[in-house]
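*Asks:* Chains as they are written, first to last, in the working numbering: chain R, 140 to 299; chain V, 142 to 273.
You can take every hint at face value.
If you want the footprint, here are the derived chain V segments under chain R, 3+ residues with CB under 8 Å:
| id | region |
| --- | --- |
| 1 | 234 to 246 |
| 2 | 250 to 258 |
Pulled from the structure, derived: some chain R residues nowhere near chain V, Cβ distances all over 12 Å:
| id | residue |
| --- | --- |
| 3 | Ile190 |
| 4 | Ala195 |
| 5 | Val206 |
| 6 | Asn211 |
| 7 | Val218 |
| 8 | Pro225 |
| 9 | Glu226 |
| 10 | Val247 |
| 11 | Asp252 |
By construction, these hints were calculated from the structure, which means they are not laboratory data.
Even for Gly, the Cβ is constructed at its ideal location relative to N, Cα and C.
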Amino acid sequence: MGKTVISAPPGVPFVDITRAFEAPREAVFRAWTEPELVVQWLGPRKYHMEIERWDARDGGAYRYLHVDDAGNAHGFHGVFHGAPTPEAMVQTFEYEGAPGHVSLDSLVLEEHDGRTVARLHSVYQSVADRDAMVEAGMGDGVTEGFERLDELVGRLAAVA
Amino acid sequence: MFQNGAIMDSQPIRPDQLSAVFSALGDATRRAILLRLAEGDRSVAELHAPFAMSQPAISRHLKVLEAAGLISRRRRATARLSHLEAEPLREATAWLARYQAFWDERFQQLDALLTALQAPPPSPAGEPAVED
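With these hints in hand, go ahead and build the complete structure from the sequences.
*Replies:* Listed below in structure tokens is the structure:
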């Protein structure tokens, strides 16, 4: 299994995510661009993902929802810039819980010996936007572990 | 939200340690032990007292916390003291660490999908794993 490497250098509004996959580039590209495949992996486990629109061509729009068991929906939308290719897939991204805060995401897929390395680079409007957007876009508690951790850290801070 | 960028640097967080931290925190007894250690170092006997649990059971929990880097242990005379290590907790609460776990989860699902995409075609009687 590949290792996800994420860096968010201080002072610049970027996030870089790198991950290797045991699959040829064409398969990874399909999984990233075909809506019936995207819906199978892009949603966090605790949400049900619904794709409302997915038009992967220059100027085409996308919109999808992450819906929790209680029916609460979190919407995300954006536009593809340039026809997506394995060398370059560029799109805007906005979480509807924070309208007007938009990132520009580009994805490059590189194949080496049958493995594919995905490099995702996101540019935000400011460092503050980056930190807030990432936090908000993850939803309310990615895993139970995080909720417990927040609670614990709060209590540790109180006794310290 | 964080006031400055001091908690962030370009060092990737080790995914193995991060998952060990979250797994360790998934247990109520271990969280209670960490809270006790926030007041000061404690021996197994001291930690065992407030819990309806045997000392060997407490020792097993301490081993899990130690493996996750959340505590360290040292000897004082005949007792072995446990000490709270705050750094992994701080790392794990930074949004960068959460984001790491967020993408790890997605990418594990993508791994499974890619495996299914590359699987040989199913037998005529079988259901295809992935619709084309």
